[in-house]
Amino acid sequence: MSTTLWIILAGAVATYLTRIGGHLVISRFERIHPRVEAGLNAVPAAVLTTLVAPAALSAGPAELAALAVAAIVSLRGGLMTMFLAGAAVLIALRHFIG
Numbered sequence: 001m002s003t004t005l006w007i008i009l010a011g012a013v014a015t016y017l018t019r020i021g022g023h024l025v026i027s028r029f030e031r032i033h034p035r036v037e038a039g040l041n042a043v044p045a046a047v048l049t050t051l052v053a054p055a056a057l058s059a060g061p062a063e064l065a066a067l068a069v070a071a072i073v074s075l076r077g078g079l080m081t082m083f084l085a086g087a088a089v090l091i092a093l094r095h096f097i098g
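Each residue of the sequence shown is one higher than the last, beginning at 1 in our numbering.
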């Protein structure tokens, strides 16, 4: 097997073990403290921010326009609508602007 395949498999195993480990730890508690629950509920937003912020800070006009469109669509539409609108704007602007 190639090195790339081994890296992908190792990443998959590490991801699975991380997820199942967190589930096993949390399932041991009968009741979760509200502050812990609030912190766990904030994790998806924090992860999304760590993915979007570097791209937004080093982005060109096409990326910034796509980010703005996605932000506006997210106020009214669902997640898939937001993603498709942002992707469509990004693809179109990269095609025409370069």
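Where hints are given, some of them may not hold.
[Unchecked claim] Taking CB as the label site, the calculated pair distances span:
1) Ala10 - Leu40: 22 to 28 Å
2) Leu84 - Pro44: 26 to 32 Å
3) Pro54 - Ala14: 34 to 40 Å
4) Ala46 - Val25: 17 to 23 Å
5) Gly22 - Phe96: 42 to 48 Å
6) Asn41 - Ala14: 22 to 28 Å
7) Ser2 - Leu75: 21 to 27 Å
8) Met1 - Ala68: 22 to 28 Å
9) Pro34 - Ala92: 41 to 47 Å
10) Gly11 - Ala38: 27 to 33 Å
11) Ser58 - Ile8: 33 to 39 Å
Keep in mind that the hints were calculated from the coordinates and are not lab data. Keep in mind the model is a prediction, meaning the values are calculated, not measured. Beta carbons: idealized from backbone N, C-alpha and C, even for Gly.
Checked hints:
no.: 1; hint: Ala10 - Leu40: 22 to 28 Å; result: holds, 26 Å
no.: 2; hint: Leu84 - Pro44: 26 to 32 Å; result: violated, 19 Å
no.: 3; hint: Pro54 - Ala14: 34 to 40 Å; result: violated, 22 Å
no.: 4; hint: Ala46 - Val25: 17 to 23 Å; result: holds, 19 Å
no.: 5; hint: Gly22 - Phe96: 42 to 48 Å; result: holds, 44 Å
no.: 6; hint: Asn41 - Ala14: 22 to 28 Å; result: holds, 24 Å
no.: 7; hint: Ser2 - Leu75: 21 to 27 Å; result: violated, 45 Å
no.: 8; hint: Met1 - Ala68: 22 to 28 Å; result: violated, 44 Å
no.: 9; hint: Pro34 - Ala92: 41 to 47 Å; result: holds, 45 Å
no.: 10; hint: Gly11 - Ala38: 27 to 33 Å; result: holds, 29 Å
no.: 11; hint: Ser58 - Ile8: 33 to 39 Å; result: violated, 27 Å
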